[in-house]
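> As a plain string of letters, each chain reads:
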Amino acid sequence: MKHVIHILEHDFRNFFRYKWWLVGLVSMNLADLFIMAVVYNHMVSSEVTKTYKSYFDFFAPGLAVTGLFASAFMIGREVNMERRREVHHYMLSIPMTRMELAIGRVLSGGLRGMVYMSPLLLTCFVFVGFPTIPQFLVVLGILFLLALGISGLSIAIAVSTSSLEKFITARGLVYYTLFFCSSVFYPLSLIQELGQDGKFPSVLVTLAEVNPLSSASDTIRSFLLGSPAFSYYSIVNVMVFSAVFTLSAAFAYIKIIERK
Amino acid sequence: MNKLLLVIERDVRIFFQYKFLIIMRAIWFVSQIALFGLIASRMINLREVPDYFRYYVGGLSVMTLYSAAVFIGFDLYEEAEHGVFEYLLSLPVSRQQLVLGRSIGGGLRSFIYVGPLIAVSLYVIGAINPISFLISLFALFLFAFGVSGMSITIAVIIKSSDRFDILMGVLDALIVRLSTAMYPLAIVQASSPLYGGIANFNPVTYAADLFRWGTGIETIITSQNPLMPLLGIIAFFGFFTFVGVVIYDKRIEGGGWQ
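Line by line, the protein sequences give chains Z and D.
Following the numbering used here, the residues of the first sequence are numbered contiguously, the last one being 260.
Following the numbering used here, the residues of the second sequence are numbered contiguously, the last one being 518.
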């Protein structure tokens, strides 16, 4: 456990080296909320405003999830860089088990995502409303599991790609597919309607339904806005995502850094 | 003139070495159309924007052009880091030719890159009015040169890649969101007079409005008079190209790149 804490400290120090970059990223996220969402308020259909009060209220939880995703994914970039510059040889020489090293990396990626996301979640609560304490704990739990899964996913991609360019391209593909095929920007019901009308491939509709970003955003919305209805399925969905990618990333990380 | 062309050619060649960046931008563009554009258009009130999908696709071309043209600023830092800057300064090319060539090269390469994406946009949007479209295409050329000039000017003023990266990210977020790339001006003005005021004097607004006007499709045209946006783009291009030359000339020497 002590060794895992050392890894966390190392990764957090790295994270805060980019403090101005983080400030820039937060301000971009806030521009999405306070400009884009405010303008969209005036042009979204009445169906959306009836269900969610306004697009701003609908989007605020999605924005917290977006921020969490982007920041938790940053660990992958560092792991990829370490692999290319062969820093992993040094990491392997540290007196700790491989599993501690791997779990430490996945955990620190997730926790960094939580730290980054906190001001965005607070902004969401201030403008949309505060949940009850049990609801708040559920939100934190589901976001933490999601952050772990995202961190694992980014490490899995980072160790499977040999160059920064390939990592960035793979990251872009994952980003856009997961973001746009989710309920972060628009209600899931719209995607399902498009699927029923035959205007959207059923594979992508299914992806949007099982997408952990949809599950996390909709769980926060269900507590703050009362819609969509809370579903235990969302929690199970995020738990499965987190378990699969945390474990696969840990094993892939160990396997790859030991490779000569 | 020959030296100017050499500078332009070099920047165009360099851009096409970034294969993965190009692929990623293309993925972004296609996913914006096929996923975000399609789904978001479903939640838009038809009375406010009758054909949001086509409206959005028109704005997306300008957003992509903007982000591709900005990229030249990052090239300057790459060159400073690897000592190529000193090599460029030692070439028998005047400072004015160098910055003008880089500005035009930055705009041209982004235009070459966005060309196929604009073709995709036009296919999605539908018919075009040939004369209007040629005028709007010319304006987009000037817009791309202006954005490249702006990126170069900011890069040589700041001389710090971290600060530049952050500033361009924030500027991108603000300049695109406070424009008519994603929503009509009347809606921006209705949401906030401040946002409306900024959007009214935004080069991205001018470029997006002209591009939509060039298509000639009534349901997505939000500016009936192309003169104002055209003059706005010419002023933007003139300012950042010619003022950029002066600033570049003053700041280029003396090192200090971080």
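Keep in mind that a hint or two might mislead.
In silico lysine-lysine, DSBU-like type, Cα no more than 30 Å apart, as pairs [said to hold, decoys possible]:
#	chain 1	residue 1	chain 2	residue 2
1	D	K419	D	K279
2	Z	K19	D	K263
3	Z	K2	Z	K255
4	Z	K53	Z	K199
5	D	K419	Z	K166
6	D	K263	D	K419
7	Z	K166	D	K279
8	D	K263	D	K510
9	D	K419	D	K510
Treat the hints as calculated values from the structure; they're not laboratory data.
> All hints are to be evaluated individually against the structure, with a verdict given for each.
Okay, the hints, checked on the actual structure:
no.	hint	result
1	D/K419 with D/K279	holds, 26 Å
2	Z/K19 with D/K263	violated, 42 Å
3	Z/K2 with Z/K255	holds, 23 Å
4	Z/K53 with Z/K199	holds, 27 Å
5	D/K419 with Z/K166	holds, 28 Å
6	D/K263 with D/K419	holds, 26 Å
7	Z/K166 with D/K279	holds, 10 Å
8	D/K263 with D/K510	holds, 21 Å
9	D/K419 with D/K510	holds, 13 Å
Checked against the numbered hints above, the structure violates only hint 2.
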